[in-house]
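Numbering (the working numbering), first residue to last: 1 to 230.
These are computed hints drawn from the structure, not numbers from a lab.
It is possible that some hints are incorrect.
Unchecked claim - Here are the computed distance ranges between Cβ atoms for each label pair:
| id | residue 1 | residue 2 | range |
| --- | --- | --- | --- |
| 1 | 191 | 41 | 50 to 60 Å |
| 2 | 128 | 84 | 38 to 48 Å |
| 3 | 199 | 134 | 46 to 56 Å |
| 4 | 189 | 135 | 49 to 59 Å |
| 5 | 222 | 39 | 16 to 26 Å |
| 6 | 130 | 29 | 21 to 31 Å |
| 7 | 13 | 39 | 32 to 42 Å |
| 8 | 128 | 215 | 34 to 44 Å |
Built from N, CA and C at the ideal position, the CB exists for glycine as well.
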Amino acid sequence: MTWLGPEEWEAVALSLKVSLWATVVSLPLGILTAYALARWRFPGRQILNGLVHLPLILPPVVTGYLLLLTFGTQGPLGGPLQEIGIVFAFRWTGAALAAGIMAFPLMVRAIRLSIEAVDPRLEAAATTLGAARPMVFLTVTLPLILPGVLAGAVLAFAKAMGEFGATITFVSNIPGETRTLSTAIYAFLQIPGGDSSALRLVVVSIVIAMGALMLAEWLSVRVARRVSGR
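Hey, can you work out the whole structure from these sequences and the hints?
Below is the structure:
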């Protein structure tokens with residue numbers, strides 16, 4: 001990273017911070033949602049599935065605007081949260097929220113596929129031996145789906161790193177606060193002589209994206225071999 005300038009490095013560092021928090025915070029909910037969609041049958045299941053995948057279908061700007069309406073300082077959730085010191089609008093925390101929501105469908109999809117690949121009879125056998133359902137999940141299901149969980153987390157991290165539309169709509173493009181990798185590229189392209197900085201950040205983006213995809217593919221192969229016993 002020594003060939004990056006201070007502003008460029010600042011954008012990369014902030015993107016890594018935002019993406020890491022977006023992935024870590026959303027992972028428990030992603031596992032729960034994936035398990036519910038894979039194993040449970042309940043009224044509204046298709047509605048939940050649609051809501052989970054909605055960020056992939058909606059224009060990112062629409063998602064960002066909905067976040068601004070909801071978590072803005074005058075929003076139904078943003079106002080009460082601001083009173084207790086939690087602010088999302090025009091803060092890096094808001095960038096993490098936007099990135100997490102946009103990446104959530106990819107995470108859930110990868111984890112759900114890994115759960116569906118696990119033979120339910122293994123879980124049923126543990127239940128008949130007296131294990132409670134939470135213990136069955138921790139001792140049987142989770143070890144089997146762990147590579148899939150890791151793959152989902154990696155994909156979500158990569159998606160969060162490249163998020164642009166929802167982020168710039170919700171938290172703007174404030175240097176040092178909300179200027180992530182993608183918004184920095186956009187900003188550099190708007191100023192004379194910024195092409196070289198934008199190009200360097202594009203290279204960084206490609207390297208991170210390719211590394212994440214290769215890691216996710218490797219983990220997917222691992223989960224397939226682990227479940228099949230090969």
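Status of the hints after comparison with the structure:
no.	hint	verdict
1	191 - 41: 50 to 60 Å	holds, 55 Å
2	128 - 84: 38 to 48 Å	holds, 46 Å
3	199 - 134: 46 to 56 Å	holds, 50 Å
4	189 - 135: 49 to 59 Å	holds, 53 Å
5	222 - 39: 16 to 26 Å	holds, 22 Å
6	130 - 29: 21 to 31 Å	holds, 29 Å
7	13 - 39: 32 to 42 Å	holds, 39 Å
8	128 - 215: 34 to 44 Å	holds, 37 Å
In terms of the numbered hints stated before, the structure departs from none.
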